[in-house]
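Spelled out from the first residue to the last, the chains are:
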Amino acid sequence: MSQGQVGGVHINHNIDFQEVAGLNLAHKMASGSDHYNTNKSEISVAQESSINDAYSAPEARFECPICLAWLRDPVLTSCGHRFCRTCIYSWLEKNSACPVDNMKLNKEDVFPDNFTRREISQQRTKCPNIVRGCLEELSPLDVESHLLVCEFKIPELPDNEKLRCSFIDVGCEDKFEDEPELQRHLEQHIQKHLTLLSKAYTAVAANRNAAAATASTSAIAQQANFWDPPAKNEEQTVVRDSNLQELLKALYEKIVFLEQKTREQDIIIANMSEQISSYNLSMTKLHQRYCNGCYLWYFNDFKNKINAMRENPHLMYYSPGFFTSPNGYKLCIRLNLSPKDNHYIAVLIHVMKTDHDDALDWPFSGKLSVTLVHPTQSYRNIKETMMTRPELDAFKRPVQDLNPKGFGYTEFASLEEIMEQDFVHKNQLTIKVQAQTV
Amino acid sequence: MANIAAQRIKREFKEVIKSEEVAKCAIKVELLNDSYTELKGEIAGPPDTPYEGGNFVLEIRVPETYPFNPPKVRFITKIWHPNISSVTGAICLDILKDQWAAAMTLRTVLLSLQALLSAAEPDDPQDAVVARQYKENLEMFKLTAKHWTNAYAGGPFVNTDCDEKIKRLIDMGIEEHQARVALSSYNWDLERATEQLFS
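Note that the protein sequences, when read in sequence, are chains A and B.
Using this note's numbering, the first residue of the first sequence is number 1, and each one after it goes up by one.
Using this note's numbering, the first residue of the second sequence is number 1001, and each one after it goes up by one.
Okay, chain B solo, but in the shape it has when bound (with noise of 0.2 Å):
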């Protein structure tokens, strides 16, 4: 790797162990190997959104030409969000495509990561079923987010009707995920889910 990125990750890896978003548990930083190119990110889900009490785990690789070029990001943690797909839990965030800047810090990524999760972008999805359940129907958009956090990111709020919709399905022989993804992807409507599931 070469020299300047892993000196950068380094000294960047101190300054956010330090940070006050790491005392406030808000962000975390992780290093995976000896040589700084893989890094284990963690963040809070703020507050005031469906995302609230769950914590996001996120891969960070580092590419040899960093900082000149940005950190490859993307969500372990499975996540409901227009701008991040619920499948590979890839990111279309703009710092981290065309609008990465070289004085942009890990520090700075995960706390935009983190207003990424408050203030959502459907015009530019990632995710394009969600972004449409996002602009049609906000609230169903909502409690499927909240779910997911409950279901993957060991958020508090437990939805019992989701839950039993999910039961059914698995009775079918579905598998959870798969089920939740059907039924997330129709607004619940355990039918029209079971229609696509069989089809």
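Looking at chain A on its own, in the form it has when it is part of the complex (with noise of 0.2 Å):
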């Protein structure tokens, strides 16, 4: 890696070289200190992890340099670059040097190159607004227009307005950030916007009560211009009214049996959610008999338990037990500080009872071997194998669930060294542990 760290400060100049070699600077850049080299690789992989979207950043190989987007009617120069016609060309009114790699170039020099178009033609991306019902497929060319006029697009809001709740009416008056959000919101508050729901209801059905006892017919009217266009003179009024009272009823109605049906639904999923977490627990067991002896560790919250461990040094952890065979032994992998020195850990192997210990021979005898994962780079993985041997306890049928006597390093390896040479990953350690029977 060529990054120049000094100090607490970090830098990183990892310019693409073509990008400066037009440059005063270039020189310095690349024959100046070593801060200044120039790395390809990371380029790469910074370019690759900004695809995700694939609609707003094209794959590098379909992106214009000039400008960023979709190659559109794709040209390629002499010295190798592709970009948009009316992209190169507009440069070249001007100047007469590759935009990339400041090479000479006229207008002359220039290409179609239908291959990259056909292949740009061939794919087909779908409409950012899938998420609220948009199934159109398309080019991803034609985006940008479709979204123009796409009819699943937000509605355009007022400046600064945040997305309000669609129960606003009837007195819920959350606010949100985006779509989903506001969807996350509606699903989770079912209930509260039934019961305003329902208020609203009744608070109409007071003012409609009220204002029939006061006859005030133009109130009521005004009410119902939610339905139907003013009334004309007092009998419509009143055939309207009653009209009204029974949809109101109506939708009541179908509230109550949607918070029932809701209920319903609640229950449906909490017992599917709990029957899949079962599944969940009996699929990891099947893993653990049928991994023939070869079991990885994923030793999670791997400060956190060091520090638990510092501070209490009785404290061990064990990992899930592993089959050796599907009715083979069962063994697992005990971690813990080294009782003698707590800058290593100690890396032990337990047997464990099984329900076809008769059907087995004791002592356990096999190859053990231990490997701490490195979670890139293989060739710094840490293997130790060892052999069992018949006069330990360790490897005697257990009596309890788990043999007390393990068998392993007490010093596999130091702290600081699996820190310093990164063996910990998103605060987790791999330990691999393979187990042979001879």
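Hints are computed from structural coordinates only; laboratory data are not their basis.
Even for Gly, the Cβ is constructed at its ideal location relative to N, Cα and C.
Treat the hints with care, since some could be wrong.
Using 16 Å as the maximum straight-line C-alpha spacing, the simulated EDC-like pairs for lysine to aspartate or glutamate come out as follows [what the hints assert, rightly or not]: (1) B/Lys1014 / A/Glu63; (2) B/Lys1014 / A/Glu59; (3) A/Lys104 / B/Asp1163; (4) B/Lys1010 / A/Glu63.
Derived coverage of chain A by chain B (criterion: at least 3 residues anywhere in the stretch with Cβ under 8 Å from a Cβ of chain B; other residues may be distant) [as the list claims (entries may be wrong)]: (5) 99-105; (6) 250-264; (7) 370-377.
Build the complex: two chains, separate frames, hints provided.
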């Protein structure tokens, strides 16, 4: 890795070399101190990680270096760079060098790249409004024009106004930053919204009664505006008034019905998720049973566990039990700090009791290898192999659920080494054990 | 604003805020208006230079013809550097002038400026006074640049000698920045600076 790191501030000049080739500074960056070594591979990583939203950031080979959008009418230069036709022509109006590598370039050195044009025309991307239900599949070049007319686009809001809950009319004052947040709110607060609706209904009903009592027909007519044009005379109002009452009654019945249905669905969902979690549990057990003696233990929450063990030297962590073969020996891994020197971790293997111990030969005899797995550079893996010894208690048939004696290394690796060489990735250490019976 | 310029700045802005330099606080970009024409940049002073530990704010104006013409960039934070005007913050850097290429981005511009801070070009100066000091008395230049980084960019290096001399001039009724400029221009010779200020 060629990064400049001096003192506390870390500055990384990994400018693509081509990008600075034409500059005064270029020679300094390339030949100067270590800080300015260019590094292509890092650049490509940075670009790839930004492809996620395919519409806004095209893959590097389909991107025009000038407009940074999908290549439109792609052309290829004699120096091997692709641009949109209009982009490179506008650039060459006033300049006569390639914008990427500064090589001499004229309009005659630019050719249509129909291969790339075909490749881009075969690309299909989903409309970004898919979350709101637009199912259009588009060429990436058409996305922008489609977005202008897409019937699922978010309605334009006044400046700085956040999304409001759709139940604002009945008194839900919540505001939201974006659409998904609003959706979540609507899903989570069905009860609250139903209560608000029923309150609003009661209020409307009370108003209507009061209005009827004072015979204020014009007020009723105003309230009924939502459904029908204003009344022309008193007689009609009375007829419509009873219609209105019926409508509200029907709506209220529907609300109650939906409320009950929601409760039912909630119960069904809860039962199903319980079922799923029990399946998941038996799935992991299956995996441990059929791992054929090769088990990977992901020791997560590494820092907290190490600190806990420092505070309490008797604390030990055990892996779930795994089998050397589907009906073989059951083993587990133990990890703790070495009792002699708590800068080292101890890794030991314990034999565990199974239902079919009668069918197995005792003591357990075989080859055990323990590997500390490096997350990225496998040549750094620390691997130790050991043979079982029949005279040791550790390999005798366990009388308890777990044979209290283990076998392994009390000083397997130092914590310093583990941290320095970055074995811990996302606060997780991976230990692999391979057990072969002999 | 021409559509292509706004579109491109929008995309670049996304790119730059995701870049690893931003993650390491080496560079930063902020939008100042909705039309993507004015931005605020920030670069960290490179290590092992007099600018180390300082944060330098830049004004970035994106012309309608971007990216066919370079963005207009100047330092808002006052800085003592041969290629940057100590008065206006104007920058003398080829890629912001005739060596601009359309494939360059805000990110590469900011990184190039950071490189300029660690590799001055005194033969192509923007500020003749600073450039002369750089060529004739490099140690004095470093001391002055460090002092300016401390005074304007939040750098950690405090020079009590400089601060005292400035205070003497302030006591004579000179404004602080004016005092700093005079002393910096005369290699911190209090007498000559005073003479120049009152002549």
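task = Provide an ascending list of the numbers of those earlier hints which the structure does not satisfy.
result = 3, 6, 7
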